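Peer 1: The task is simple: from the sequences and hints, build the whole structure.
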Amino acid sequence: MEIFKKSYELKEKEDHRQEIAALKQEMEIAKKSYELKEKEDHKQEIAALKQEMEIAKKSYEHHTLEMEKKATESQQELEEKLKEATSLLTESRNRIKELETFCQSKSENWTKKEHIYQIFTEFQLGALRELRFSSQSIRQEVVKKLCRGIQST
1 MEIFKKSYEL KEKEDHRQEI AALKQEMEIA KKSYELKEKE DHKQEIAALK
51 QEMEIAKKSY EHHTLEMEKK ATESQQELEE KLKEATSLLT ESRNRIKELE
101 TFCQSKSENW TKKEHIYQIF TEFQLGALRE LRFSSQSIRQ EVVKKLCRGI
151 QST
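Going by the UniProt record's numbering, the first residue of the sequence shown is number 1, and it counts up by one from there.
Hint data in this document are derived by calculation from the structure and do not stem from the laboratory.
The structure presented is a predicted model; accordingly, all values stated were derived computationally and were not measured.
Heads up, a few of these hints could be off.
Within a straight-line C-alpha distance of at most 20 Å, the following computed SDA-like cross-link-like pairs (lysine to any residue) qualify [stated by the list, open to error]:
(1) Lys113 with Phe102
(2) Lys50 with Tyr60
(3) Lys39 with Lys58
(4) Lys83 with Arg95
(5) Lys24 with Leu36
(6) Lys81 with Arg93
(7) Lys69 with Glu80
(8) Lys106 with Tyr117
Peer 2: This is the structure we're talking about:
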């Protein structure tokens, strides 16, 4: 019986070893399966992130191109407005010079006219003085002749 018992114990030990080995193998397979699944999940996550990054990159590039286009358009528009403002400023300065020249000419004309009228007025005043003097001389002669005529009568 002891042989039977030992044989049974050996068989039981062997069964346990086989069961442990089978469990270890099963655990190793489960571990590898888990690692493969985890690796596949990581690959999928990386692929999704790469795709998302590519979409974000394209969106950023598109947005950058749009911004550059708008900046170029704005710069051209501002340059056009600057040219227009510069042109208007030049026209205004030229018009100011024309008006200043015109006003200067008018002022000179009025100054000449004023001088002419002043000379004319002085001439007329001189003529009036001569006329008054002549009138007084004539009056005095008439008075003298009247006085002589009264005295001779």
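Peer 1: Each hint should be assessed against the structure and marked as holding or not.
Peer 2: Checked hints:
For the given pair, Lys113 sits about 16 Å from Phe102 by alpha-carbon distance, which is consistent with the 20 Å threshold. For the hint linking Lys50 to Tyr60, the alpha-carbon distance of about 15 Å falls within 20 Å, and the restraint holds. Taken as a hint, the Lys39 and Lys58 pair is broken in the structure, with Cα atoms around 28 Å apart against an allowance of 20 Å. This hinted pair checks out: Lys83 and Arg95 have alpha carbons roughly 18 Å apart, not beyond 20 Å.
Straight-line distance between C-alpha atoms of Lys24 and Leu36 comes to about 18 Å, which keeps the hinted pair within the 20 Å bound. Restraint check: the Cα-Cα separation between Lys81 and Arg93 comes to about 18 Å, which is no more than 20 Å; the hinted pair holds. With a C-alpha separation of about 16 Å, the suggested pair Lys69 and Glu80 falls inside the 20 Å cut-off, and the hint holds. As the CA atoms of Lys106 and Tyr117 are separated by approximately 16 Å, the hinted pair is consistent with the 20 Å bound.
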